[in-house]
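Take the sequences, apply the hints, and build the full model.
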Amino acid sequence: MQTPTSIMGLLLLVVFGYFIAVPVLSLLFDAVQVQFGDERRIGHSMGEWTDYYLVRTLFSPISESLFWLPLSHTLRVSLGVIAISLSLGSVLAWLVSRSDMFGKKWFATALIVPYMLPAWTFAMAWSTIFKNRTTGGQQGWLENLGIATPDWLAYGELPIIIILSLNYIPFVILLLGNALRSFDSQLEDSARILGAKPRTITFKIIIPLMMPALMSASVLIFAKVLGEFGVSYILGLPVNYEVLSTSLYRSIESRQTGVAAVLAGAIMFFGVVSLLIDALLLKEAKRFVTVGSKGVMHKPSPLGQWRLPATLLSATVFLGSVVVPLTVLALSTVMIIPGDFSLSNFTLDYWIGSGLATIAESSGILFSSNLWSAVWNTLWIVSIASICSGLLGLLVGYVVVRSPIKLLSVALRQITFFPYLVPGIAFAAAYLSLFAVERGPIPALYGTVTLLILALIADEMPYASRAGISAMMQLGKDPEEAAQMAGAGWITRMRQIVLPIQKGSLVTGILLPFISGINGLSLFIILAVPSTDVLTTYALRLIDYNYTQAANAVVLIICFIAFIGTYFTQRLTKTNLAEGLGN
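Residue numbers (the numbering used here): 4 to 586.
Derived from the structure by calculation, the hints contain no laboratory data.
None of the hints are false.
Label pairs and their computed distance ranges (CB to CB):
hint	residue 1	residue 2	range
1	Asp547	Asn147	18 to 24 Å
2	Pro303	Leu279	33 to 39 Å
3	Leu279	Ala360	53 to 59 Å
Predicted model, so just to flag it, every value in this text is computed and none were measured.
Cβ atoms here follow ideal geometry from the backbone N, Cα and C, with glycine treated the same way.
Right, dumping it as structure tokens:
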């Protein structure tokens, strides 16, 4: 007879198989089967096999605008972001980890604040400053001050690269910071004793040994950029600069289901390949181990005359990536005319006013029923999904560590990690493909909060399951075995022993998905409808109305919730995000 652990593992495998693997398979089938409404055009009945969508997307006269040009833009943006974020991020990581820079401890936390905020927060600030009247709506600050901003500066490739680079520099700092803290400073000291110059030490010792971490950061940034939607939507679509994620969104909006399936499949393919490369690099990194059994020396490297310039560089990055964007967003919400700094131009009407002559909202944002509906939807949808993710993650960890069936453990570990390989917007398209229509006993879920909760739970399982597995690997079997000998059943052991001992890990498994869900846009933009608006989709709808003041106010509210959530996560779990992402 199977143990309760194995039975529970089988049930979890079936559940995650349906809610993770089946949506992806359904999406891939959509790419090769005739979709509703295309029967006459293709000349086949709905559901029959066809290569029409593959040909249309990849080889037809319009394939250039549907796939190849967005792919080219995606690759160019990715390369630009990798180059800038690695160049600046690696320098800053070394400064906060290995140097005697002024205020090093403060900068170690300050420089990762952008990692806590949605990437498109910075896109909103950029648009507020540089926007021109080419696309209509309100003018930007610079244009109002009489400084003409060309399209290439206001929109398109350059600002997208800059904004995403600022958002991923903290990611590089976190990733490389962990590697640099494991790097023995005796290697540098030995090189200096032998007469090596700083340039030689950097290029002959530090960079070669950090190469696995640098390559891993590059691959992970590429995977993240693949699914990035908000920045490209805000700064790209006004000038028809499309990347794969926005092309996918446009196809779904125009009800080209088959084409959208092909695009989502392509995004998933690149995402899976990039993360498989990262796994191979992780194995290769074992050849670069420098930590011995005698411990590692962490001796700060003296900067000498470069100490002040290094501190100014860190301060400049912090100002450009945190202070300036948030200040711009805050000021824009109290200005009638953008960029006019006269006292008569400042007002609180966009926060608490009434009878406003605006299209989207006639009252201040804090008095808008739409805002509070979005706040309520955000909090309860994300809270339910996060609690479920945390509990399921702990159960997955229990099964993976305790199950006597190795194949079951491996299968459950892999399937709960799979959503990490699929960019958010592609995963949302997969859920739309499966649950947009009635399938067996499950009704059509599109437009319901149930769909949002299910998608969010599945999307956050890689983080929740890894937290659960890590926690259970640190818990020995002795407490449970003692309780079992005393006659306690499995449910009693879970309720009175496992959950109380692992409450810290459970809190982590709940709060981290909560913060991610608050910031999330790619998943919600596909699956949410006006009646299920969350804060991120509500802000995007205000952007579509060109109501900049209200949109920026909502973005500030999102940033505040995300920052407070991150702060309390660290306090409750007694962790410090600035110490790195871990192994």
